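Novice: Take a look at the letters that make up each chain.
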Amino acid sequence: MTETATRDGADAARPLTKKDFSSDQEVRWCPGCGDYAILANVQGVMPSLGIPRENLVFVSGIGCAARFPYYMETYGFHSIHGRAPAIATGISVTRPDLKVFVVTGDGDALSIGGNHLIHAMRRNANMTILLFNNQIYGLTKGQYSPTSELGKITKSTPMGSLDYPFNPVSVALGAEATFVARSIDNERQHLTDMLTRAANHEGTAFIEIYQNCNIFNDGAFDAVRKNRPQQIRLEHGRPIRFGAEDEFGVALKRTGELEIVDATRVAEDVLLVHDAHREDPGLAFMLSRLSHTPQGPTPIGLFRQVERPVYGTRLNAQLDDAVARRGAGDLATLLAGPDNWMVN
Amino acid sequence: MTTKTVQQRDTVTIRFAGDSGDGMQLTGNRFTTVSAVLGNDVATLPDFPAEIRAPAGSLPGVSGFQLHFADHDILTPGDAPDVLVAMNPAALKTNVDDLEPGATIIVNSDAFSAGNLRKARYDSNPLDDASLSSFNVVSVPLSTLTVGALEDTGLGKKEKERAKNMFALGLMSWMFSRPTEPTVEWMRAKFAAQPELAEANITALQAGFAFGETTELFAHSYEVAPAELPPGRYRQITGNTAIAYGLVAAAERSGLPMFLGGYPITPASDVLHELARLKHFGVRTFQAEDEIAGVGAALGAAFAGSLAATVTSGPGVALKTETIGLAVSVELPLLILNIQRGGPSTGLPTKTEQSDLLQAMYGRNGEAPVPIIAAATPGDCFYAAIEAARIAITYRTPVFVLSDGYLANGAEPWRVPDVDDLPDLSSAVQFATDPNDGDRFLPFRRDAATLARPWAIPGTPGLEHRIGGLEKADGTGNISYDPDNHHRMTELRAAKVARIAESIPPVEVDHVDGARLLVLGWGSTYGPIRAAVRRARLDGMPVAVAHLRHLNPFPSNLAEVLNGYDRVLVPEMNAGQLQKLLRAEFLVDVHGYHRVSGLPFTAAELIDAIAHELKGLS
Chain A
1 MTETATRDGA DAARPLTKKD FSSDQEVRWC PGCGDYAILA NVQGVMPSLG IPRENLVFVS
61 GIGCAARFPY YMETYGFHSI HGRAPAIATG ISVTRPDLKV FVVTGDGDAL SIGGNHLIHA
121 MRRNANMTIL LFNNQIYGLT KGQYSPTSEL GKITKSTPMG SLDYPFNPVS VALGAEATFV
181 ARSIDNERQH LTDMLTRAAN HEGTAFIEIY QNCNIFNDGA FDAVRKNRPQ QIRLEHGRPI
241 RFGAEDEFGV ALKRTGELEI VDATRVAEDV LLVHDAHRED PGLAFMLSRL SHTPQGPTPI
301 GLFRQVERPV YGTRLNAQLD DAVARRGAGD LATLLAGPDN WMVN
Chain B
1001 MTTKTVQQRD TVTIRFAGDS GDGMQLTGNR FTTVSAVLGN DVATLPDFPA EIRAPAGSLP
1061 GVSGFQLHFA DHDILTPGDA PDVLVAMNPA ALKTNVDDLE PGATIIVNSD AFSAGNLRKA
1121 RYDSNPLDDA SLSSFNVVSV PLSTLTVGAL EDTGLGKKEK ERAKNMFALG LMSWMFSRPT
1181 EPTVEWMRAK FAAQPELAEA NITALQAGFA FGETTELFAH SYEVAPAELP PGRYRQITGN
1241 TAIAYGLVAA AERSGLPMFL GGYPITPASD VLHELARLKH FGVRTFQAED EIAGVGAALG
1301 AAFAGSLAAT VTSGPGVALK TETIGLAVSV ELPLLILNIQ RGGPSTGLPT KTEQSDLLQA
1361 MYGRNGEAPV PIIAAATPGD CFYAAIEAAR IAITYRTPVF VLSDGYLANG AEPWRVPDVD
1421 DLPDLSSAVQ FATDPNDGDR FLPFRRDAAT LARPWAIPGT PGLEHRIGGL EKADGTGNIS
1481 YDPDNHHRMT ELRAAKVARI AESIPPVEVD HVDGARLLVL GWGSTYGPIR AAVRRARLDG
1541 MPVAVAHLRH LNPFPSNLAE VLNGYDRVLV PEMNAGQLQK LLRAEFLVDV HGYHRVSGLP
1601 FTAAELIDAI AHELKGLS
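So the sequences go chain by chain: A and B.
Using the working numbering, count along the first sequence one by one with no gaps and you end on 344.
Using the working numbering, count along the second sequence one by one with no gaps and you end on 1618.
It is worth saying that the hints were derived from the structure and are not from the lab.
This structure is a prediction, so every number in the text was calculated from the model and none was measured.
Glycine included, each C-beta is placed from N, C-alpha and C at the ideal position.
Keep in mind that a hint or two might mislead.
What the hints assert, rightly or not - To spell it out: a stretch of chain B is covered by chain A in this simulated footprint if at least three of its residues, at any positions, have a beta carbon under 8 angstroms from a beta carbon of chain A; those stretches are:
hint: 1; segment: 1031-1040
hint: 2; segment: 1237-1250
hint: 3; segment: 1257-1264
hint: 4; segment: 1279-1293
hint: 5; segment: 1301-1315
hint: 6; segment: 1322-1329
hint: 7; segment: 1461-1472
Please model the complete structure; the sequences and the hints are all you need to start from.
Specialist: Have a look at this one:
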């Protein structure tokens, strides 16, 4: 096995393929892990982005998902638990020419790293955050996570967990992220579509990916993953329908809440038309509340995408603005300061 | 023209003390600036409470500013004030114990009301009883005089009274023959948007000056001649400004863009503030959501090719610990500026201490050596930052810079360096651009001289690679759990830091004939130690003195120096941290002098400590 990257002088000449994004490292997730499908999907999306390989950076924290960068033939930084959004912020604001991805899990992003996650999203720093949600701690062998369902029995909660779980999409919308989507590890086309849109978004793009941990939490998403009629596929500009024959729909009640209705028995205009580009995140938030955990009908797709100034762009614009107003800094003038005197 | 006589003094220490809202820091700073411009050598000690505004008139609310100015080079802000200006009873009470008999106390007699006396816990008015009889007490109704002087302005009574600090400054300016013009100009510039406020303050300042001239309370004024300083252009500078400028200079001299990730914390925030104003130098500052994100973003910026730093104080370093360990593991340049304060925990946020040395040295999991530089004076913070950048860039390692609250806020005249004389760091940068093993790139293949690994920044075609906190295989950088590799990498990381000693100057000893005692210091104790040694020698005590700037690794001649004396005394504002390191490293029975009062050492207490050690030797 050759263990490191080799220089490929032909990069510029020929179009890149999925294979160009596979590093020579042996992938060490458990057989059957949902991460394999996500890795293959991400590698497959990369060539279509048209970004030179050297300008891609994958940053991760700690956990099973966090091994991801090692398997990508790009620049990568496997950092510390929960802190990937902070490290990615430093990369993205100093190097706007780079495309930065953060790969994280439910424990990494929402437990130890919750603070960094919400602040990256509120700032709208330029990064694409892929949150692999398997509702369990995998690398530490099976403790409940901040997305585990209430009453979850694990080694650390033998009588059932007492924490009310986070809904990651609700968290992201609460932080007013400018791009919020949800997909599923083995829904190949849907995931490709979400990844592509997220990667092309300016600002923080957040995707929750339901990812099966077949060792510690097998089947956590089967109610949605294997049961397509339970997937409420959000599509911008379309009435929200779902079910085997689109027999259900989502409607806005007069009280302001959403409800699931029998689409065969209501008028077409009763159904809510999904608007992913509403400035106010309120309606998208309510969509995320249709299922707190993925047991019943659960929306997947793009909840929200709006334009807002990007943190790094504005930070760098301030530097240009300062030079325009004050001229490029002169070190000798700075050091001498306005109040100085000569000693002879 | 003055009609009173003028007496010459070679050195004067003044302390302004009042309520947190009385403007004592501003008053002290103005007096300092004017004194420095007059050519005096100056050292200052601002001393203020952590509370922004404790209740008016209360003891915890007292804010002080001490300055020492002289006609010769001085090293400390002065042991005991010659003059105390006390704006209220609380200020008198909290400061009077620091005065020597014969000192002058100028009080604002208007503030000695029954209510203020009660708040200061005085049973009787100290101006009326004999408790201050050993001092020269001058009662001046500062508030009344200020309000009177501003009678014709349109200001309200409260606003008029608020200018009393300027009246006090005017009075002290007369007493020590300082011109008022520089402050008048400064006022007009500072309050350009509120000219009536500027004029009121100027009127109060000039009224205070005239009062000194005409009142019969003072028989004479004083003059302190300019000091003989090495020729050059000078300015006043605080440690926090100097450290910020040092980072900007290091960025310019290395050709790297500067990035600072930080989170507000006393007494380090001013470094963030200073740098935030320097965007026209290409400086990027990032006020993060917490200390961890501040250093995390800095490490990300370092990975991407910036000269990256984070600035904080002890509790912040505690939070950044894990990321600093990651920086050790991934071997990227990163500056960690610790403006130390009293600890443990929240401790004394506005007071000084040097008790984070062992935290810098050992405060990480695993074997994680980090080089440490400590600044000696406010102006030296500039050079400490540049030296830290040199080491970080050259050796691809995180580096600690230790300053402290005293250096951070204290000011001194600083000879402005010529930019071309500053170290050229550009050759140390050397971003990797090509494979280094045939057509392969090995991100952990080391430079033979420095043991540094390549700095291959994202955006470089063909050098795509992955780094992380897991142990890496020597050379390839791939994850490795191999036992021998881990041992070898641990040794390599240690050897790289140890090798820095080859690039740092030997410790210089200021020796005198017959000296058997070496006083060895580090950090901000430089001034008090030098002042104490100077006076001890005048008193006939032969003492050698040396100062450590590099705490890890130590200069290579240190063992020889320590073994050259019968006794080594290390004064520290901690419980003996350098002392422990020296004992462990060199098996020398180093003695210590330790005090953690939140204030810098006085020269007097160090002379006593020196005398005590000398007695033990005889």
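Novice: All the hints need checking, so say for each whether the structure fits it.
Specialist: Quick rundown of the hints versus the structure:
{"no.": "1", "hint": "1031-1040", "in the structure": "holds (count 4)"}
{"no.": "2", "hint": "1237-1250", "in the structure": "holds (count 4)"}
{"no.": "3", "hint": "1257-1264", "in the structure": "holds (count 3)"}
{"no.": "4", "hint": "1279-1293", "in the structure": "holds (count 12)"}
{"no.": "5", "hint": "1301-1315", "in the structure": "holds (count 7)"}
{"no.": "6", "hint": "1322-1329", "in the structure": "holds (count 3)"}
{"no.": "7", "hint": "1461-1472", "in the structure": "holds (count 10)"}
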